[in-house]
Every structure is written in structure tokens, then in C-alpha cells.
Amino acid sequence: MTQQELLATRSDIEAKLYRTRFRADDQPHLIIKDQEVCRHCAEKPCLVFCPAAVYEWDEERKMTLVAFEGCLECGACRMGCPYRNIEWLYPRGGFGVQFRLG
Amino acid sequence: MAIRFDAVIVGGGPAGLSAAWVLAQAGVKVAVVERGDYAGAKNMFGGVIYHEPTEWVIPGFAAEAPLERKIGHHEYWFLDERSALKVAYEDAGWREAPNAWSVLRAKFDAWFAGKVEKAGARVITQTTVVDVLRHGRAIRGVVTSRPDGEIEAPVVLIAQGVNALLVQKAGLGRDWQADEVVLGVKEVIQLPKGVIEERFGLTENEGTAVEMMGGLATGGSMGSAFLYTNADSISIGTAVLLSDLRARRENPNHLLEKVKAHPSVAPLLKGGELREYSAHLIPEGGYRAMPRLYGDGVLVAGDSAAMVNAVTMEGTDLAMVSGKLAGQTILEALEKGDFSEKTLSRYRDRLEDSFVLRDLKQFSRVGTFFSRNEQYFDFYPRLANRVARQLFTVDLRPKAEHVRGLLDQIRGERSLWRVGLDLVRAWRALA
Numbered sequence: 001m002t003q004q005e006l007l008a009t010r011s012d013i014e015a016k017l018y019r020t021r022f023r024a025d026d027q028p029h030l031i032i033k034d035q036e037v038c039r040h041c042a043e044k045p046c047l048v049f050c051p052a053a054v055y056e057w058d059e060e061r062k063m064t065l066v067a068f069e070g071c072l073e074c075g076a077c078r079m080g081c082p083y084r085n086i087e088w089l090y091p092r093g094g095f096g097v098q099f100r101l102g
Numbered sequence: 001m002a003i004r005f006d007a008v009i010v011g012g013g014p015a016g017l018s019a020a021w022v023l024a025q026a027g028v029k030v031a032v033v034e035r036g037d038y039a040g041a042k043n044m045f046g047g048v049i050y051h052e053p054t055e056w057v058i059p060g061f062a063a064e065a066p067l068e069r070k071i072g073h074h075e076y077w078f079l080d081e082r083s084a085l086k087v088a089y090e091d092a093g094w095r096e097a098p099n100a101w102s103v104l105r106a107k108f109d110a111w112f113a114g115k116v117e118k119a120g121a122r123v124i125t126q127t128t129v130v131d132v133l134r135h136g137r138a139i140r141g142v143v144t145s146r147p148d149g150e151i152e153a154p155v156v157l158i159a160q161g162v163n164a165l166l167v168q169k170a171g172l173g174r175d176w177q178a179d180e181v182v183l184g185v186k187e188v189i190q191l192p193k194g195v196i197e198e199r200f201g202l203t204e205n206e207g208t209a210v211e212m213m214g215g216l217a218t219g220g221s222m223g224s225a226f227l228y229t230n231a232d233s234i235s236i237g238t239a240v241l242l243s244d245l246r247a248r249r250e251n252p253n254h255l256l257e258k259v260k261a262h263p264s265v266a267p268l269l270k271g272g273e274l275r276e277y278s279a280h281l282i283p284e285g286g287y288r289a290m291p292r293l294y295g296d297g298v299l300v301a302g303d304s305a306a307m308v309n310a311v312t313m314e315g316t317d318l319a320m321v322s323g324k325l326a327g328q329t330i331l332e333a334l335e336k337g338d339f340s341e342k343t344l345s346r347y348r349d350r351l352e353d354s355f356v357l358r359d360l361k362q363f364s365r366v367g368t369f370f371s372r373n374e375q376y377f378d379f380y381p382r383l384a385n386r387v388a389r390q391l392f393t394v395d396l397r398p399k400a401e402h403v404r405g406l407l408d409q410i411r412g413e414r415s416l417w418r419v420g421l422d423l424v425r426a427w428r429a430l431a
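Taken in order, these protein sequences are the chains called A and B.
Going by our numbering, the first sequence opens with residue 1, and the numbers climb by one from there.
Going by our numbering, the second sequence opens with residue 1, and the numbers climb by one from there.
Check the hints yourself; a few may be wrong.
BS3-like cross-link-like pairs, simulated, lysine-lysine; straight-line CA separation at most 27 angstroms [as the list claims (entries may be wrong)]: (1) 169(B) x 16(A); (2) 16(A) x 258(B); (3) 107(B) x 16(A); (4) 169(B) x 33(A).
Which bits of chain A does chain B cover? Going by a derived footprint, with three or more residues having C-beta under 8 angstroms, they are [claimed, not checked]: (5) 56-70; (6) 73-86.
For the record, the hints were derived by calculation from the structure and aren't laboratory data.
The C-beta atom is built at its ideal place from N, Cα and C for all residues, glycine as well.
Given the sequences, and given the hints that come with them, work out the whole structure.
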């Protein structure tokens, strides 16, 4: 997909996430293990494939930002990061996404 | 002070609850630890469940479970950009003897958990299991995210789903790779009951299940798109191999929007309102990706054990059946007072005797075969549409010219020899 399609998809996802119920924790459950690895990662696939568009690259600070509050907890980033650079934990009990339909 | 149970089950999904159901009915002091607000809060699937395996686990479920529609129609759609070749099967016999039901996972699992609780199990919600407790080599309980949250039990069933972190902590298996999991995204779109029935040509309470194949549904990768009718909503989603999404730099929501815009799909969803957007991984590595299914004081069931049949798109029934078999094995172990590997190995024997392991063994080569041969998800669905188009097109040209045109088109992309070879190989992988 093109860069433009990606931007449109990210804002589409953002709008959709309003329909899904979350109870956000103040503790992150997705942690970039080493930002240096992200800096050297040319493809940065997590920015593209995440169905909740959780990951964003901050060009100024040269680091991956993680909006864990909107995470759908699928685990794709855990297995999809080619460097296994994402520490993926289950959110604490009762926190995170709460599907009403599923 | 740790609390004590006779058995502890990690995860309130179909596998964990089925095991708890067996144990609670036998009067065993069993705990189900669920990280969501309620069982089902973290669960998502396409969804249909099949009548017979569900009946085997929960006799009489159809009278009380929150079911959406009785599925009397199963359809395969092969999508091209603007066309769809549809293969449909409908069975009037399924009106009396249902084959499948559409359900919403969160509703169904919450109902099942209530039933399990009434039978005497403790369902401990809002609690995440973070580790196993060990006594020497044997597993004897779990550690939860609650302060002082240890739960002791002589036997633990790991049924925590596709992100099976505990399976690795228990030393039973490796983590899965991106080419062993399919990433599914789904929308539930609300529409009035009558509108759904009119659009799909359904009588009341009857439903349709559609699987969509073709490059448009999956961006040419291994996977499919799906559409299921619920009582007053439609579930629509895509499911594509994670490694393919990564390699193609594709986002699953982008694919889903393309499927929703297809001229054969869009009119079915028109005017509907989004109720929920969700995502979930499906473990499709199959037999070769399975962890060890038992150890000292521990068993693994459902998605955590890669019990998904990628060919027939079954998962819930395998989870429920494996959960029940795990429950039966735990009962046996409790009677003997022996939770060693030797006693728990009976679980594996039970699975070998059931369709669960027989089917997974049968299709053990399918996943890797199709993931390396993307023509089956791109070229052939397009070809099928072209053939259909030629078949139905009447113009002023003689038919022989149509056939020649078609063959020229095929040869332009793939030699007829390759086409023949593809057919033989696909047959070999499946048979």
C-alpha cells in the first residue's frame, strides 16, 4: 500500500476504535525493548501491519511511539517484529480491550 | 497465603470452559482464571460454531445459548476486482437438524461461563496469569497479576489462546513465527433483522456463512475474507498470513475496506452501523507447530496448542473437544491422585482417537504448501472468474474465439503445464 493509503487507513482505524470498548491502564503492556534496534530497522513493518495502528515513528526524536491504550491485543507485533524487539505482555487483569460482541 | 483448588484453568475461552464444565459437573473444586472483565471479553472469531461437537460438549445448548442464526447456507465466493463466482450449498435438512450456528464469541463465552459457574466452578475474572508455580519439575499452580495472587493446584490446564506465553514458561514449546499465524480483523455491522433476511434471501432465524477467496480478499496472499449473518448484524472480516502482510507492506484494515467496497459485498452492508472493530491472531501452523500437549501437572488445549484446522476453518470445535478431553483426563488423574506425565499422557491418546489430532495430522502439510504457492489465492480465483465470464458472455463472436481468447490469457500468465502441475500438487497436499 502507498504512504497515502497508509495515512488514510490509520485515521480510518482511529475512527473505528471509538466503537470498541477499552479500559486503559496507566502501565504500558507493549514495550520497545531497544529503540536503537528501531533506528536501524529499515522496513519498520509494525507501523504498517498493526490492525490498531498502535505504532508511530517519531522522526524528530528518532524513536517508535506506542499508543498501547488502543491495542486490540492480537499479538501480531509480538510475532511480526522481525527483530522481536517488542516486549508483549498481557495487560493487567481487567484492563485493555473488552469486546462486547467478539 | 495462596488459595488452593483441585485444578486451575488459564483462560475462559471455549477450551478452558469446556474443561471446567466437565470438572465442575463432577464436583471438582476448579478455578478458571480469566483476564477480561468477563469470559469472552478478550475473545474474537469469525463466527460459526458447529452443532454436533458443541452438543457433545454441552448437551442441549441450542435451547439456551445466545445463538444468532441457524446456518442453512454455506457459500464460497471467488472474487475478482468487479466480479464474484459464487459456489453455494443450501440444505433444507439443516432447518430441522442444524449443522452450524452463527454466534458472537463474547456473548457465547459469557453465557457458557455462567453455566460453568452455576455448576460449581469459580470463574475468577479481571485476573491475568503471569507465570506457573513449580514444585521441582512439576507444575503445581499459577502466579497471577494480583498482589499475593498465587493459586495452587496439582494440575494446570493452559487454554490462554494464541498468545500462549505460558506454554513457553512451562517449557512445553517454542514461540510461533509470523508465517504460522493468520491475522484476522473483523467488523460487526448492525442492520435490522428484516433487512438482513431480505438481502440474503433468508427465512427468519436462518443464516448464511460466506468464505471469500481471491486476490481482492487477501491482497493475493494466503488467507480469506468472511461474512456471517447474525440476528441483527453482519460480521465481516479478513484473515491473512502475518508474514505475507509484512512482506507486502499491507494493513489488514485496508484489505477489509477493499472487500467491503467490492460490488458484490457493498450492497449487503449498505446503511449498516459499525458496532465493534476487533482483531485476533489465528494459529494456523497446525500439527507441526504444536507444543508438547502435557507435562508433569500441566496440559495444553485449544489455540494455545495450535488446534485450528486451516483448511476447513474450524477452531472452536477443536478447542471445545480438546477442553472436554483434558477435563476427562484431569478427572482420571484426580481419582488416581497422580498428576505425573504418565497419567496425563492419556490426554494425548484421547486426542489421537478423536477427529482433533486425526484432522490436524491429515492436513499437516497444507499450511506450508499453500503459503509458498500464492497462485492458489490470486491467479486461480481470477481465472475462475474469467472462465465464468466467457461462459456467460454472449456477443457477436463465435464461441471458439472466446475459448482461444481465454487460453491465450491463461498462457500469458502461466503455462498450461504449470496449471496441470498446480492441480496435481494441490490434490496431493490435501489428500
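Status of each hint after checking the structure:
1. 169(B) x 16(A): Violated, because 35 angstroms separates the two Cα atoms, which is more than 27 angstroms.
2. 16(A) x 258(B): Measuring from Cα to Cα gives roughly 16 angstroms; hence the hint holds.
3. 107(B) x 16(A): It holds: about 21 angstroms lies between the C-alpha atoms, which stays within 27 angstroms.
4. 169(B) x 33(A): 19 angstroms, holds
5. 56-70: With 0 residues in contact (Cβ-Cβ under 8 angstroms with chain B), the coverage given for the segment 56-70 of chain A is violated.
6. 73-86: Held - the segment 73-86 of chain A has 8 residues with a Cβ nearer than 8 angstroms to chain B, which meets the minimum of three.
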